[in-house]
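Number of protein chains: 2
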Amino acid sequence: MSDLKALFSPRSIAIIGASRNPKKIGYELVNNIITGGYEGRIYLVNPEGAEIMGIKSYTSVKLIPEEVDLAVVAVPAAYVPDILEECGEKGVKAAIVISSGFREVGNVELEERTLSVVRKYGIRMLGPNVFGLYYAPSRMNATFGLARVFPGSIAFVTQSGALGIAMMGWANLYKIGVSTVVSMGNKADLDEADMLDYFVSDEETKAVLMYIEGAKDGRRLMSSLKNITLKKPVVIIKSGRTEKGAAAAASHTGSLAGTDRIYDVAFRQSGALRATDFAQAFDWVKLMTMQPSPTNDNCLIITNGGGVGVMTTDACEEAGINIMPLPEDLQSEFKKIMPVFGNFRNPVDLTGQAYEESYYRALELALKDNRIGSVIVLYCQTAITDPVAIAKAIADASEANKCNKTVVTSFVGGAQCDEAMRKLDEFSIPSYPIPERAVSALAAYYRWQRYRLMQRSLPLKI
Amino acid sequence: MSDLKALFSPRSIAIIGASRNPKKIGYELVNNIITGGYEGRIYLVNPEGAEIMGIKSYTSVKLIPEEVDLAVVAVPAAYVPDILEECGEKGVKAAIVISSGFREVGNVELEERTLSVVRKYGIRMLGPNVFGLYYAPSRMNATFGLARVFPGSIAFVTQSGALGIAMMGWANLYKIGVSTVVSMGNKADLDEADMLDYFVSDEETKAVLMYIEGAKDGRRLMSSLKNITLKKPVVIIKSGRTEKGAAAAASHTGSLAGTDRIYDVAFRQSGALRATDFAQAFDWVKLMTMQPSPTNDNCLIITNGGGVGVMTTDACEEAGINIMPLPEDLQSEFKKIMPVFGNFRNPVDLTGQAYEESYYRALELALKDNRIGSVIVLYCQTAITDPVAIAKAIADASEANKCNKTVVTSFVGGAQCDEAMRKLDEFSIPSYPIPERAVSALAAYYRWQRYRLMQRSLPLKI
Numbered sequence: 001m002s003d004l005k006a007l008f009s010p011r012s013i014a015i016i017g018a019s020r021n022p023k024k025i026g027y028e029l030v031n032n033i034i035t036g037g038y039e040g041r042i043y044l045v046n047p048e049g050a051e052i053m054g055i056k057s058y059t060s061v062k063l064i065p066e067e068v069d070l071a072v073v074a075v076p077a078a079y080v081p082d083i084l085e086e087c088g089e090k091g092v093k094a095a096i097v098i099s100s101g102f103r104e105v106g107n108v109e110l111e112e113r114t115l116s117v118v119r120k121y122g123i124r125m126l127g128p129n130v131f132g133l134y135y136a137p138s139r140m141n142a143t144f145g146l147a148r149v150f151p152g153s154i155a156f157v158t159q160s161g162a163l164g165i166a167m168m169g170w171a172n173l174y175k176i177g178v179s180t181v182v183s184m185g186n187k188a189d190l191d192e193a194d195m196l197d198y199f200v201s202d203e204e205t206k207a208v209l210m211y212i213e214g215a216k217d218g219r220r221l222m223s224s225l226k227n228i229t230l231k232k233p234v235v236i237i238k239s240g241r242t243e244k245g246a247a248a249a250a251s252h253t254g255s256l257a258g259t260d261r262i263y264d265v266a267f268r269q270s271g272a273l274r275a276t277d278f279a280q281a282f283d284w285v286k287l288m289t290m291q292p293s294p295t296n297d298n299c300l301i302i303t304n305g306g307g308v309g310v311m312t313t314d315a316c317e318e319a320g321i322n323i324m325p326l327p328e329d330l331q332s333e334f335k336k337i338m339p340v341f342g343n344f345r346n347p348v349d350l351t352g353q354a355y356e357e358s359y360y361r362a363l364e365l366a367l368k369d370n371r372i373g374s375v376i377v378l379y380c381q382t383a384i385t386d387p388v389a390i391a392k393a394i395a396d397a398s399e400a401n402k403c404n405k406t407v408v409t410s411f412v413g414g415a416q417c418d419e420a421m422r423k424l425d426e427f428s429i430p431s432y433p434i435p436e437r438a439v440s441a442l443a444a445y446y447r448w449q450r451y452r453l454m455q456r457s458l459p460l461k462i
Numbered sequence: 001m002s003d004l005k006a007l008f009s010p011r012s013i014a015i016i017g018a019s020r021n022p023k024k025i026g027y028e029l030v031n032n033i034i035t036g037g038y039e040g041r042i043y044l045v046n047p048e049g050a051e052i053m054g055i056k057s058y059t060s061v062k063l064i065p066e067e068v069d070l071a072v073v074a075v076p077a078a079y080v081p082d083i084l085e086e087c088g089e090k091g092v093k094a095a096i097v098i099s100s101g102f103r104e105v106g107n108v109e110l111e112e113r114t115l116s117v118v119r120k121y122g123i124r125m126l127g128p129n130v131f132g133l134y135y136a137p138s139r140m141n142a143t144f145g146l147a148r149v150f151p152g153s154i155a156f157v158t159q160s161g162a163l164g165i166a167m168m169g170w171a172n173l174y175k176i177g178v179s180t181v182v183s184m185g186n187k188a189d190l191d192e193a194d195m196l197d198y199f200v201s202d203e204e205t206k207a208v209l210m211y212i213e214g215a216k217d218g219r220r221l222m223s224s225l226k227n228i229t230l231k232k233p234v235v236i237i238k239s240g241r242t243e244k245g246a247a248a249a250a251s252h253t254g255s256l257a258g259t260d261r262i263y264d265v266a267f268r269q270s271g272a273l274r275a276t277d278f279a280q281a282f283d284w285v286k287l288m289t290m291q292p293s294p295t296n297d298n299c300l301i302i303t304n305g306g307g308v309g310v311m312t313t314d315a316c317e318e319a320g321i322n323i324m325p326l327p328e329d330l331q332s333e334f335k336k337i338m339p340v341f342g343n344f345r346n347p348v349d350l351t352g353q354a355y356e357e358s359y360y361r362a363l364e365l366a367l368k369d370n371r372i373g374s375v376i377v378l379y380c381q382t383a384i385t386d387p388v389a390i391a392k393a394i395a396d397a398s399e400a401n402k403c404n405k406t407v408v409t410s411f412v413g414g415a416q417c418d419e420a421m422r423k424l425d426e427f428s429i430p431s432y433p434i435p436e437r438a439v440s441a442l443a444a445y446y447r448w449q450r451y452r453l454m455q456r457s458l459p460l461k462i
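Chains as they are written, first to last, in the numbering used here: chain E, 1 to 462; chain D, 1 to 462.
Don't read these hints as lab results, they were simulated from the structure. Predicted model only: the values in this text are computed from it and were never measured. Mixed in with the good hints, there may be bad ones.
[Said to hold, decoys possible] Simulated crosslink set (EDC-like; lysine to aspartate or glutamate; CA at most 16 Å straight-line): (1) Lys244(D) <-> Glu318(E); (2) Lys175(D) <-> Asp418(E); (3) Lys368(D) <-> Asp386(D); (4) Lys244(D) <-> Glu317(E); (5) Lys244(E) <-> Glu318(D); (6) Lys175(E) <-> Asp418(D); (7) Lys23(E) <-> Asp386(D); (8) Lys93(E) <-> Asp3(E); (9) Lys244(E) <-> Glu317(D); (10) Lys23(D) <-> Asp386(E).
[To be verified] Non-contacting residues of chain D with respect to chain E, defined by C-beta distances greater than 12 Å in every case (computed): (11) Pro76; (12) Arg219; (13) Asn322; (14) Arg361.
All residues carry an ideal CB built from backbone N, CA and C; glycine is no exception.
Isolated chain E (complex conformation) (with noise of 0.2 Å):
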């Protein structure tokens, strides 16, 4: 695991390929590492020895002074086997290798070559054929992708490179942060098990998100996935699930995509959830970053609207999510804090006239009580009460009694909801703008808990 620190946190990197013209990838590499605030030395490699963005160039990374502990290469194909070469003999500890070319149109040998020049010198080997990796704990944006993400807990790692750079936008987009995005391309050295490998004991991780068409070596891949869902959870999107899906992804990353069914298993057994979409995948990772895991079977919905209450109980009895019947000493107390015409069973229904008060005693309520594991608050926007002012409650009542719950939250209706769903991701609750994307994200978490519990009790099989 320990050998790559090199790659996520290098003390100093050499952009192998670097160019002056804007419109080069060669380019994109230095001005991404260079305003990602990364802090290590940076050097420059091209032929010209050319000054670019005012660092000075080495014709070759064998002249660098000093010690290189990544080399990110950007250079034609052909050139890759020499170029590692020099960085082997430089004692370059891992490479990035940008490049394409390779094995995706057919060019085997030159893969192999290029293998083989790294296995010689022990240098660890991302790509080739990748758009890069940024690692936010190192502000380390070695990618041609966007040069500004979001710093947060999801490691993001993608076989698709296009993907990785359209997930960086998504991700800005949406407030998601990550802490890695990660391509993985080839994968002739490096694949998705060293990743998982290394997130383990990533403390800057909390959940990793992936997205594969196919796996180098299945095996490998659920081992890894086994170990590392004892301690994170990892979401999953393979595609190629379908006969057409499948001949799409051997034509796209020339990938087998194996017979889905077995895959899907394979995630089951190792404690991987899988996603059927990116969006799916990301209220997952957002609720598993931001809440703890639910400490028992018992779900309480509250509500201010009976038909977001009817169609959340409907989700969660969909999703496996226990609806508990609620105890005659809660009822009781719910029935203080509501209008007489409010409804105290579960869903606990605080009815369209439910301000912040209530909102605020009732989770509390919730919080308080061992018997209750996880709770779905709901506000449907009314003409009288002001969202907002709801989440500032909801955040308040959570803060004033912190346990081990999972909430969540949905708030269905316009511009005042959005600004109030805001407010609830600042104060780490997650909230969706419909009550089925909080309950999918809810029931995810309960399957992966679920197969945590059954692991604590089982002999581990790995």
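Since the structure of chain E is already known, use the hints to place chain D on it.
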């Protein structure tokens, strides 16, 4: 049908229970009708005969000197029968009874007395216990929800008033235009079937979105559905799917949710499309109001990213959309407009280097070919291309090659993609932030289209 003209397009409205207290529903109603831009005559009625917002009030509807088509009633429940008696004597043709406190709280007798009054005078009544009716063609906002709504061609019919208010906000936030928002409440007189019958020939309504918890008269609802779905798509969210959900529905609106399976079959047989949540429902009607329905089963995917192409293929396969094998002549045409390493099968992968020109030419090829019935255009954010310019190219190609194919798009990425999608929506080319949502909408459109074609070749059984 024509007897609902007084409800949807009254020449004059009396608001009975109008209030000058901004916290009262009787004030919200006056405010919304005035600021909504209603151009007919407005009369106010309240016991004090006070002036409200510059309009004089009458102490009784009977004292209004001119004819009143529609009465909007917001007085305490107990007074409602007498108020409607007066309306009947005055010759009022339709009434919206906002007041609650009837069957939904066990006051069955009061509701039946109210119904007998409107029956006696032939008044058509919406309610009681509704949040009102917004109807864009009349610029009539007779609700206590939001004052302004984005006008458009979706009719939203909801059993839950709270959801109606929330959905008005939602529609505004996502710039979804609605022709109607109507809350059904206790359905003492008018119910969903009446609304559907009205929308059949309502030129401003292109699609209906309905939230119901249970039907009063299932057979009649089915008959109305069968009738309208021959002309316009109807998307239904029916909650109370599960046992606990049904129990929650019973305590919310007193609906007998019934065996869900029966609803499922009934909706399918009537050509209605059942959505699982309202985000999905809005996704579907967005496509259906913007684009013509697909003319044949063959779908073509155009993409700049292999990953999203694979995901979309999977989603299509699972949803029953036929990803057509591309005929050789079309393959050669596509080959001409893409880089050598592009993929001219289906999905057609223009590669990450596809600029606006490539998109324009690829979409043009697809739109000009009669073997293609629908097109899914995907864009995955890259470091070098401009999503807004590509959106423009898609809109231009679509405008220059007007045809009856269905076009949907998905732009995956950050803020620029979001901007690009807003532009596409303005050009009536529906776009979605993940491909799976575009596919889900297209699949629903196909299901409706197949249903209609089947109905045409068979004798209609209504």
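To see whether the hints hold, each was checked on the structure:
no. : hint                    : in the structure
1   : Lys244(D) <-> Glu318(E) : holds (10 Å)
2   : Lys175(D) <-> Asp418(E) : holds (14 Å)
3   : Lys368(D) <-> Asp386(D) : violated (25 Å)
4   : Lys244(D) <-> Glu317(E) : holds (7 Å)
5   : Lys244(E) <-> Glu318(D) : holds (10 Å)
6   : Lys175(E) <-> Asp418(D) : holds (14 Å)
7   : Lys23(E) <-> Asp386(D)  : holds (13 Å)
8   : Lys93(E) <-> Asp3(E)    : holds (8 Å)
9   : Lys244(E) <-> Glu317(D) : holds (7 Å)
10  : Lys23(D) <-> Asp386(E)  : holds (13 Å)
11  : Pro76                   : holds (14 Å)
12  : Arg219                  : holds (24 Å)
13  : Asn322                  : violated (10 Å)
14  : Arg361                  : holds (21 Å)
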